[in-house]
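Residue numbers (the UniProt record's numbering), protein chains in the order written: chain P, 1 to 226; chain F, 1 to 226.
Incorrect hints may have been included.
Unchecked claim - If we take Cβ atoms under 7 Å as the criterion, some of the chain P residues that face chain F in the derived model are:
1) SER67
2) HIS94
3) ILE95
4) ALA135
5) GLU137
6) LEU180
To be verified - Now the stretches of chain F that chain P is said to cover, found in silico as 3 or more residues with beta-carbon under 8 Å:
7) 16 to 23
8) 128 to 139
9) 146 to 152
Claimed, not checked - Simulated restraints, written as ranges between beta carbons of each label pair:
10) P:GLU123 - F:ALA39: 30 to 38 Å
11) F:SER108 - P:GLN19: 34 to 42 Å
12) F:GLY70 - P:ALA188: 23 to 31 Å
13) F:LYS197 - P:GLU200: 49 to 57 Å
Since the hints were derived computationally from the structure, they do not count as laboratory data.
Since the model is a prediction, treat every value here as computed from it, not as a measurement.
All residues carry an ideal CB built from backbone N, CA and C; glycine is no exception.
Each chain, letter by letter, is given below.
Number of protein chains: 2
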Amino acid sequence: MLADEAITLFGGTLPFWPQLDRQQKETLCTGARTVRFTAGQTLGRGERECIGVLIVTAGALRVYLTSDDGREVPLYRLAKNDVCVLSAACVLEHIDFTVSIEAESECSAAVIGAPAFARLCAENVHAELYAYKLAAERFSDVMWAMQQLLFTRFDARLANFLLEERSRTGSPELRFTHELIAKRLGTAREVVSRMLKYFESERCVSLSRGGISICDEAKLHSFCKR
Amino acid sequence: MLADEAITLFGGTLPFWPQLDRQQKETLCTGARTVRFTAGQTLGRGERECIGVLIVTAGALRVYLTSDDGREVPLYRLAKNDVCVLSAACVLEHIDFTVSIEAESECSAAVIGAPAFARLCAENVHAELYAYKLAAERFSDVMWAMQQLLFTRFDARLANFLLEERSRTGSPELRFTHELIAKRLGTAREVVSRMLKYFESERCVSLSRGGISICDEAKLHSFCKR
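Please put together the full structure from these sequences, using the hints given.
Rendered as structure tokens:
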């Protein structure tokens with residue numbers, strides 16, 4: 001990673017940057033590297049589970065829990081300029097769980113390696129405080145996801161997902177398989193297919209091979225509120 | 001709360017205590033008050049949702065999520081000397097959710113009011129860092145609970161609960177209604193009753209009105225591992 005590029009990125013995304021001394025800034029810039037992920041590539045499991053702090057520079061990552069038998073529970077997403085601190089969980093003494101991270105699309109990120117970040121936290125209380133504040137922010141994200149998953153009716157969750165994707169991509173034509181939606185929403189494919197058919201019968205969406213087209217956004221929206 | 005009592009309690013439970021100046025210590029001691037809760041009393045909802053930091057001095061609190069329609073998801077328990085920081089969520093800028101807190105038994109706690117704690121965090125970075133580290137610890141507790149709830153078979157969860165209570169109370173005679181166990185484990189009473197009957201048929205427990213007696217601890221333990 002070029003030093004200038006690193007300074008711009010860190011200065012813009014890390015609020016404790018002005019509170020670092022010159023040596024600490026240099027260490028961060030020379031130590032940071034760029035990683036690229038292909039869509040669907042997973043990271044943050046096994047030997048790579050504590051890779052360090054990631055700053056997303058393009059694309060998006062999704063963060064989820066995985067059970068021993070491979071089931072998934074979606075937690076939150078990280079987009080451009082979001083900072084991922086749970087990929088440096090080994091640095092945070094009170095975080096003792098591991099999340100799975102997958103590139104949702106082609107994605108690139110700057111990585112501050114775990115040892116470098118650990119040194120920084122030990123030296124600079126502002127950096128350490130930032131890491132824990134960011135963990136608290138993710139805690140809020142997870143509680144939101146948990147409430148969605150446990151308390152919200154599935155029609156509302158699916159409608160919400162479709163509308164979020166519509167707004168994210170800017171298009172009413174969504175290219176998602178039912179399988180992939182199921183994975184994202186932590187449910188079974190059959191549950192997604194059945195609900196999509198119901199939405200189709202209500203003329204909110206029309207279904208085609210490998211795609212979903214939103215026909216009536218307002219009506220779909222009415223399901224979110226139920 | 002008596003000053004000497006407060007000094008002993010804070011000195012023993014708050015790791016940042018030695019890093020406070022004399023004025024800050026005095027403010028904490030004179031501001032702290034003792035609250036008592038009866039078994040089943042709830043706190044942490046509505047107007048009392050940001051009461052401040054609680055240090056449990058006797059009894060136990062359980063912390064859970066509540067849906068709009070009254071369903072509960074158990075998160076974790078706090079026992080003597082545990083510090084509750086989510087009851088001061090308004091002080092933590094990145095925590096935007098509210099948990100419910102209920103006294104599991106008769107319970108007393110020292111309270112550092114939210115405004116006093118907010119002032120302390122603004123003045124002393126060690127106090128602030130402690131609050132966020134404690135939130136991170138609770139984040140780990142919640143993730144554990146979430147994995148239990150979503151990924152663990154109910155026979156294992158119930159066996160685990162019974163054995164934990166057996167070890168906590170020191171007695172194989174547990175005084176719990178099926179209703180109360182259901183609430184604690186975030187499920188329906190029928191699910192608990194059915195599984196308890198199954199455990200009885202396996203000669204792990206014997207059931208009586210309002211009580212469960214563990215007859216074969218080793219066998220009950222075998223359900224935890226499945």
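Hints, one by one, checked against the model:
no.	hint	in the structure
1	SER67	4 Å, holds
2	HIS94	4 Å, holds
3	ILE95	5 Å, holds
4	ALA135	5 Å, holds
5	GLU137	4 Å, holds
6	LEU180	20 Å, violated
7	16 to 23	violated (count 0)
8	128 to 139	holds (count 10)
9	146 to 152	holds (count 5)
10	P:GLU123 - F:ALA39: 30 to 38 Å	48 Å, violated
11	F:SER108 - P:GLN19: 34 to 42 Å	41 Å, holds
12	F:GLY70 - P:ALA188: 23 to 31 Å	27 Å, holds
13	F:LYS197 - P:GLU200: 49 to 57 Å	43 Å, violated
Checked against the numbered hints listed earlier, the structure breaks hints 6, 7, 10 and 13; every other hint is satisfied.
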